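Colleague: Once you know that position 39 of the sequence shown is 39 in this note's numbering, the rest is easy, because the numbers rise by one and skip nothing.
All clues stand as given, with none of them false.
Using 25 Å as the maximum straight-line C-alpha spacing, the simulated DSS-like pairs for lysine-lysine come out as follows: (1) Lys328 - Lys362; (2) Lys369 - Lys359; (3) Lys298 - Lys279; (4) Lys392 - Lys369; (5) Lys177 - Lys328; (6) Lys236 - Lys384; (7) Lys359 - Lys339; (8) Lys140 - Lys121; (9) Lys359 - Lys384; (10) Lys298 - Lys281.
Just the calculated beta-carbon pair ranges, DEER-fashion: (11) Asp174 - Lys369: 25 to 33 Å; (12) Ser317 - Lys392: 20 to 28 Å; (13) Thr403 - Arg352: 19 to 27 Å; (14) Asp247 - Gln293: 16 to 24 Å; (15) Ser287 - His222: 26 to 34 Å.
None of these hints come from the bench; they were simulated from the model. It should be emphasised that the depicted structure is a prediction, and the values quoted were computed from it without experimental measurement. In this text, a Cβ means the ideal position worked out from N, Cα and C, and glycines have one as well.
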Amino acid sequence: MKAVGIVVEYNPFHNGHLYQINEAKKMTNADVVIAVMSTSFLQRGEPAIVSKWVRTQMALLNGIDLVVELPYIYSTQKAETFAHGAIAILAELGVDFLNFGSESGNIQAFNHLVSFMSSQKSEFDHLVKRYMKLGYSYPKSTSEAFNQLNLQEETLPLTEPNNILGFHYVKAIDDQKAPIQATTTLRRQAHYHDPTITTNPIASATSIRKTLSDNDSIQIRHVVPKETYQLLTTYKKTYSILHTWDDYFNLLQYKILSTPVEQLRVLYECEEGLEYRVKEKIQTAASFSEWMQLLKTKRYTWTRLQRLATHLLTNTSKVEMEEATATKPSYIRLLGMTKNGQTFINKTKQHRQIPLITKLAKANGIQAKIEERITNVYLSPLKKEQQLAEMKQEYSRPPIMVT
Numbered sequence: 001m002k003a004v005g006i007v008v009e010y011n012p013f014h015n016g017h018l019y020q021i022n023e024a025k026k027m028t029n030a031d032v033v034i035a036v037m038s039t040s041f042l043q044r045g046e047p048a049i050v051s052k053w054v055r056t057q058m059a060l061l062n063g064i065d066l067v068v069e070l071p072y073i074y075s076t077q078k079a080e081t082f083a084h085g086a087i088a089i090l091a092e093l094g095v096d097f098l099n100f101g102s103e104s105g106n107i108q109a110f111n112h113l114v115s116f117m118s119s120q121k122s123e124f125d126h127l128v129k130r131y132m133k134l135g136y137s138y139p140k141s142t143s144e145a146f147n148q149l150n151l152q153e154e155t156l157p158l159t160e161p162n163n164i165l166g167f168h169y170v171k172a173i174d175d176q177k178a179p180i181q182a183t184t185t186l187r188r189q190a191h192y193h194d195p196t197i198t199t200n201p202i203a204s205a206t207s208i209r210k211t212l213s214d215n216d217s218i219q220i221r222h223v224v225p226k227e228t229y230q231l232l233t234t235y236k237k238t239y240s241i242l243h244t245w246d247d248y249f250n251l252l253q254y255k256i257l258s259t260p261v262e263q264l265r266v267l268y269e270c271e272e273g274l275e276y277r278v279k280e281k282i283q284t285a286a287s288f289s290e291w292m293q294l295l296k297t298k299r300y301t302w303t304r305l306q307r308l309a310t311h312l313l314t315n316t317s318k319v320e321m322e323e324a325t326a327t328k329p330s331y332i333r334l335l336g337m338t339k340n341g342q343t344f345i346n347k348t349k350q351h352r353q354i355p356l357i358t359k360l361a362k363a364n365g366i367q368a369k370i371e372e373r374i375t376n377v378y379l380s381p382l383k384k385e386q387q388l389a390e391m392k393q394e395y396s397r398p399p400i401m402v403t
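Sequences are here, hints too, so could you generate the full structure?
Modeller: So this is what it looks like as structure tokens:
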């Protein structure tokens with residue numbers, strides 16, 4: 001069975017994702033589509049609007065055959081580490097292809113860029129350090145360094161978010177010598193950061209979340225599959241929220257104000273005196289968004305600061321993250337599958353070296369310890385009885401099966 005892998009967040013699953021799945025199948029002639037999906041907190045440092053279980057259902061009802069976790073230790077990282085973890089998991093599962101959406105749509109451009117950047121690595125690193133010393137953020141420094149290197153060479157522009165992730169996927173495949181062939185699907189209509197929904201059937205996840213936050217769910221019906229709409233509606237009715245940073249701000253504020261700077265300093269991504277700045281600015285902020293506006297500087301982007309906020313909220317230390325990401329994932333957690341996905345799992349089990357687990361209760365080690373704590377934090381805005389019920393399910397719930 002040929003398998004194509006996709007790295008996803010599905011926050012939420014929309015028509016653009018459905019288009020990618022169908023294009024990936026056509027492009028690769030794959031029998032199975034496997035999604036490695038971020039769990040409770042995402043790459044831009046945000047809580048997922050609904051649980052991983054609900055997003056797994058969205059995926060399985062719309063063409064995905066197998067959903068596995070991209071754990072917190074990778075899902076809340078910069079593009080390079082995010083891609084490294086995702087590719088390691090997909091390689092272990094035995095996928096033949098990777099597919100990702102991009103603003104380019106040309107896989108040869110990504111292959112050429114990886115080769116070009118490999119040959120220019122020393123000079124690139126030197127230029128990044130130079131721009132960082134000038135006070136630029138890391139993304140801005142890498143962009144400026146790339147532009148300077150690229151003056152005489154026509155290569156893919158690293159200015160669009162999906163192109164950046166795509167570059168790191170292809171680079172991770174090359175670095176890990178993974179037997180995976182990368183393919184890319186051209187993004188259609190909606191730009192990654194488009195803030196509004198139009199009459200087009202494809203809209204950005206950003207615009208969908210913004211519309212939902214404005215309590216205007218009717219406006220998203222034409223840009224998401226009916227299953228997504230129903231699952232979002234049910235979640236909101238059951239738990240009274242779609243998770244946003246506002247649901248965690250009071251807890252985050254208490255955590256920062258009650259923690260000495262010496263203890264904030266040991267948390268992941270709290271560097272260069274940021275512990276003083278986050279403590280000072282949160283005293284006067286009335287909301288998460290206002291706090292971010294006060295924190296943001298030329299050096300620190302909104303995304304970088306949101307990821308820091310996530311690690312502050314979840315009490316994730318530098319030592320923990322370094323230990324957890326020093327080696328390959330210690331296990332892969334299966335969240336859901338179709339009959340077709342189950343057949344693939346059974347046929348490929350002899351090739352896997354990392355345990356494939358079906359329940360958190362079967363996991364151990366630092367990766368599992370972090371994931372348990374993160375899930376508890378994610379569930380904290382729910383009513384106490386709902387928290388307890390959801391956490392019990394987190395330990396014992398088997399993978400979702402869709403037939």
